[in-house]
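Peer 1: Sequence:
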Amino acid sequence: MRRKRAGGLEKSMIFLFLVFSIIIVTSLIVVSALQVNPVEEMIKNEEPIKILFVLEDDEKVLFTDVFIYYPVSGRGALFNIPGNTGAIYSSLGRVDRIDMVYREKGIDAYRQEIEKLSGQSIPFSMVCSVDNFKVLTDLLGGLKIFVPYPVDIQADNGSRWLLPSGVNNLDGDKILTYLYYNSPEETDGEVQDRYQNVIIAFLAAINKNINTMFLEKNFKEYDDLFETNLEEKDLRIILETVAHVDSERLAPRSITGSVREVDGKSLLFPHYDGELVKDLFKQTVSSLVSVVETIYDRIYVLEVQNGTSVQGLARNTSILLQGFGFDVLSSVNADRNDYEETIIINHIGNDEIAKNLGDIISCSNIITEDVLPESAGMEAESRVDFTIILGKDFDGRYVR
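Just so we're aligned, residue 338 is where the sequence shown starts under my numbering, counting upward by one.
Keep in mind that a hint or two might mislead.
List time: in silico DSS-like cross-link candidates among lysine-lysine, alpha-carbon distance up to 30 Å [unchecked claim]:
1) 619 with 692
2) 381 with 557
3) 570 with 554
4) 570 with 481
The following label-pair restraints were derived from C-beta to C-beta distances [unchecked claim]:
5) 557 with 581: 21 to 27 Å
6) 501 with 468: 21 to 27 Å
7) 647 with 530: 29 to 35 Å
8) 548 with 570: 16 to 22 Å
9) 510 with 378: 38 to 44 Å
10) 501 with 549: 25 to 31 Å
These are computed hints drawn from the structure, not numbers from a lab.
Please read these numbers as outputs of a predicted model, since none were measured by experiment.
Where is the CB? At the ideal position from N, CA and C, for every residue including glycine.
Using the sequences provided together with the hints, build the complete structure.
Peer 2: In structure tokens, the structure reads:
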């Protein structure tokens, strides 16, 4: 039997190796071509962009916001997630504050718990330490913030917090002062408002620097300041897209609920077992993508009247509607307690907002009053925008 020469065997092996290499390279090219970039696909399909933003202080959450932006309309919304939001978190296996998920399990588990809370998919996350945020603020040329009253407070460590009142362009050091100062007169809600003001100012500053920040030679410096699940190229695309948000018309939202002590911790439990939070997110997203613009261009003022014999119904409904961004001037008893049907009275002739308000509680019984002219004087100006009279068909959440 004739034996093949070693040289012939080597040539055969080389040939097979080349064939397999060509197959593998071709396969990789095909797979790469078929892969879809989720960021580019989302923008191409004009989908709402949802980002979880966390400002971190020494590996603990200082504040968390979910930012939702709809590129078609340029409108956005900002949801504050209070760190003491309480629930049974599966990632922890216990009842606790939501920010403990971040501290113990990291950003991915934290994002997943916020997705459950909101009922929304939130594909992108951005974490920035306070030190990096200080640098970021200076890179952007400062953040323009309205400070309603002068701040002059002595801190416990002996340092002094100083901020002038009015519209100020705050540099990195002053932004830290704005974030950290502690006034005994401020409520938790007002502190959360401050945090949201920082994010709104941050988005406005990105827009102001849009012509320089996103140049390839410059953006690397910004990218290094974030911990994110986005590649540098995708982060640049996302930020350049959301930079066009109309920051003056952002709709800030926050979770509302009742505070209870659990194992020595004050936890905020969302109303209606968290269903209200999901409703708030769902309705806000629907408003952003709606053909008819229903996102509020200002805060509308309500009066809620209890037209039933159910105690506390107007007060609880006021809390519900405040969670949706309305200002409730008063919650009182109606002129009688035997209203069969819930009524919304539209005092300002804004049918879209009236319908939007009605959708929150599933009420279609809307009455529009004659709108008084501005010449009617102070009495007209002091009136609320909408009055809600709660009837027996209202179960505390919806009109049935």
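Peer 1: Hints the structure violates: just list their numbers, smallest first.
Peer 2: Per hint list: zero violations.
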